[in-house]
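J.: So you can see what is in the structure, the chains are spelled out below.
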Amino acid sequence: MEKPLPPVNAETAPFWNACAEGRLVIQRCRDCGACQFYPRLVCTACGSAELDWVDAAGGGSLKSWTLIRRAVSAAFEADVPYVVALVELDEGPTMMANLNTRTPESLVMGQRVRVTFEPHGPDLRVPQFQPED
Amino acid sequence: MDSIRGRMAIVGVGDTEVGKIPHRSPTGLCIDAAMRALADAGIGKDAVDGLVTCNSMAEPHMYHAQAMAEYLGISPSYCVSAGAGGSTTFTVLYQAALAIDAGLCDTVLIAMADSLRTGLSREQAMVMQSSSGHPQFETPYGATVPGYYALIARAYMHRYGATLEHLAAVAVTAREHAVLHPGAQMRAPLTVEDVMASRPIADPLRLLDCSLVSDGGAAVVLTAADRAADHPHVPVHLLGAGEGHGHEHISQARDLTTSFARHAGERAYAMAGLGPSDMDFVELYDCFTPVVLIELEDLGFCGPGEAGPFVAEGNTRIGGALPMNTHGGLLSHSHPGNPGSMFALTESVRQLRGDAGERQVQGAEVALLHAQGGIMSSHCTVILGRGS
Ligand SMILES: [Zn+2]
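Which chain is which? The protein sequence lines are G and D, in order. At position 57 of the first sequence (counting the first as 1) the number is 57 in our numbering, and the numbers step up by one without a gap. At position 60 of the second sequence (counting the first as 1) the number is 60 in our numbering, and the numbers step up by one without a gap.
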C-alpha cells in the first residue's frame with residue numbers, strides 16, 4: 001500500500017513543481033504584502049487576486065507536534081512512531097509536515113526546524129522538516 | 001427577523017441501543033430512533049412534515065433524508081440531510097427551528113444514526129475519519145484524527161501548564177456519569193491512574209483520552225411551543241442558538257488553544273438573554289479530553305487555562321457546581337460519528353423534564369449544549385430551558 005499522493009490541481013501545481021526542484025514556495029500578496037500557505041486564488045488577508053509566488057527561506061519554528069503511535073493506514077505502519085508537526089514558517093504561514101528526527105522525546109516547543117524534501121511517488125517530492133543543527 | 005427564543009419546543013426524544021449493534025443496519029438504527037421519538041411525542045409518523053437526517057458513513061445514501069422519508073413512507077414538505085461533522089446535530093436543530101418559524105413545516109423529526117463499530121472495519125473507520133485532513137497539505141503526512149487533536153492538546157498544555165492528570169479527570173468524570181446510565185456503552189468504573197496507564201495513541205493523548213467508536217442513533221421531535229400541549233411530556237424550549245466557523249483544517253487554525261466555540265456561545269447567550277452562570281448543567285463535545293477544557297473556557301465557564309483544575313476538583317460531577325456530560329458523553333456513553341451529540345440532546349431533554357433517574361441534576365431548568373465538527377472547526381451552541 002502506497003502513501004496517499006497529494007491530488008495536485010491547477011492552482012497548486014506551481015507549489016508542487018517547485019517542491020520537485022527542492023524549493024519551498026509560498027504566495028505573497030502584491031496589494032497588502034501578506035504571505036499565505038496553502039496556495040489559493042485570493043489573498044485571505046485582503047481578498048486581492050494579485051498573488052506572487054516567492055521562495056520561502058525554509059526555516060521555521062515548531063508550533064506543535066504529536067508522535068503518532070498508531071498508523072492511519074498500512075502505508076504508514078513502517079514509519080511508526082512518526083512525528084506530525086505544525087511548523088510556523090519565518091514568513092508567517094503555518095504548514096503541516098512530518099518532522100524527521102531520531103529523538104522525538106527531545107523536541108521542544110518553538111525550536112528551530114528547516115525544510116527538506118522527500119520523494120513521494122514517481123514524480124513528486126513533499127516538504128518535510130528536521131531540527132536545525 | 002424576530003428572535004425565535006422560546007418559540008420552538010422539543011416534545012419527543014428517543015435513543016437506540018448503543019455499542020456493538022450488529023443486528024441493526026445504520027438505516028435500521030435511524031428508523032428505530034425515529035419511531036422511539038415519535039412514540040415519546042405521542043404522534044404517528046404521518047404527523048411529520050419535516051425530516052432532517054445526516055448521512056451514514058457505513059451505509060451512505062446520495063440523498064439520505066429523502067431515502068429515510070421513503071423508507072418511513074412519509075412525504076414531508078421540508079427534507080434535508082446535513083453534514084458539518086460533530087456540530088451537525090445542533091446546527092440542524094437550529095435550522096429546523098427556523099424552518100418551522102418560516103412556515104416550511106410544523107413538526108420536524110431529526111433522526112441520526114450510524115454503525116461505525118460493526119459497519120466498518122477498523123482500517124476503514126480510521127481512513128474515513130482522517131479524510132477530514134486537507135488532501136494535499138495534511139493527508140500525505142499520515143496524521144490520524146487523534147493526532148490532529150494531539151496537536152491542540154500539546155499547544156494548550158504548553159500554554160497553560162495543563163497536565164495529563166487534568167485530561168484524565170475529564171475521562172474519569174464522564175465514566176462516573178456513564179456508570180449511572182443503564183444504556184451507556186462503557187459502565188466499568190475508571191480511575192485517573194487507569195487513564196494515565198492506557199496505551200499512548202498520539203502523544204500526548206492516550207487511549208482513554210479518546211472517545212468511543214459505536215453503533216447507535218437518536219432522534220428528537222421539534223414543533224412550535226404553542227403546540228406543545230398536544231404532546232404528553234413537559235416541553236423543552238429552544239432559548240438560544242448560535243454558530244461559529246473558524247477553519248476547516250487544523251493547520252489553518254488561527255490559534256490552537258481557543259476556538260470559534262467562543263463566537264457560537266456569544267451568539268447563543270445573546271439570543272437567550274442568559275449567561276454562563278445561568279446554566280444548571282452543560283453538555284460539551286468530548287471527542288477527546290482536551291477539547292472539553294477549551295470549550296469550558298471559550299464558553300465562559302472558566303478563565304483561560306483554568307478548566308483543567310476546575311474539572312480535576314470535581315466541579316463537573318453531578319452534584320458539583322456545573323454538572324457536565326451527565327450521560328457519559330462521547331467518551332463513555334457512545335460515539336457513532338456525526339450523530340454523537342444527539343445523545344447529549346436527548347439526555348438534556350430528559351434532565352430538563354426531570355426524568356433522568358439516578359443521573360438527575362436537581363432543579364435543572366436551563367442547560368447549554370455545545371458541539372463541534374472537523375478539528376475544532378465548526379461550532380454550534382444551543383441553550384435549552386424547561387417549559388411548563
Ligand atoms: Zn492581500
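Since the hints were derived computationally from the structure, they do not count as laboratory data. Warning: the hint list may mix true and false statements.
[As the list claims (entries may be wrong)] Listing some non-contacts, in silico: residues in chain D with all C-beta distances to chain G over 10 Å:
1) Met62
2) Met126
3) Pro135
4) Gly142
5) Pro146
6) Gly147
7) Arg154
8) Ala202
9) Asp203
10) Leu256
11) His263
12) Ser388
[Claimed, not checked] What follows is a set of in silico ranges between Cβ atoms, one per label pair, in the way DEER data are often shown:
13) Ala20/G with Ser77/D: 48 to 58 Å
14) Ala45/G with Met62/D: 35 to 45 Å
15) Glu105/G with Gly161/D: 34 to 44 Å
16) Thr191/D with Ala20/G: 45 to 55 Å
17) Ala13/G with Asp255/D: 41 to 51 Å
18) Met128/D with Ala10/G: 44 to 54 Å
19) Leu41/G with Glu313/D: 26 to 36 Å
20) His23/D with Leu41/G: 33 to 43 Å
21) Asp255/D with Val8/G: 21 to 31 Å
[Stated by the list, open to error] Chain D side only, calculated, beta carbon under 7 Å to chain G, not exhaustive:
22) Val127
23) His158
24) Gly161
25) Val179
26) Gly273
27) Pro276
28) Asp280
No experiment lies behind these values; they were computed from the predicted model shown. Note that the Cβ used here is the ideal one computed from N, Cα and C, for glycine as well.
J.: Enumerate the violated hints, using their earlier numbering and listing them in ascending order.
T.: Structure breaks hints 2, 3, 4, 5, 6, 7, 8, 9, 10, 15, 17, 18, 19, 20, 24, 25, 26, 27, 28.
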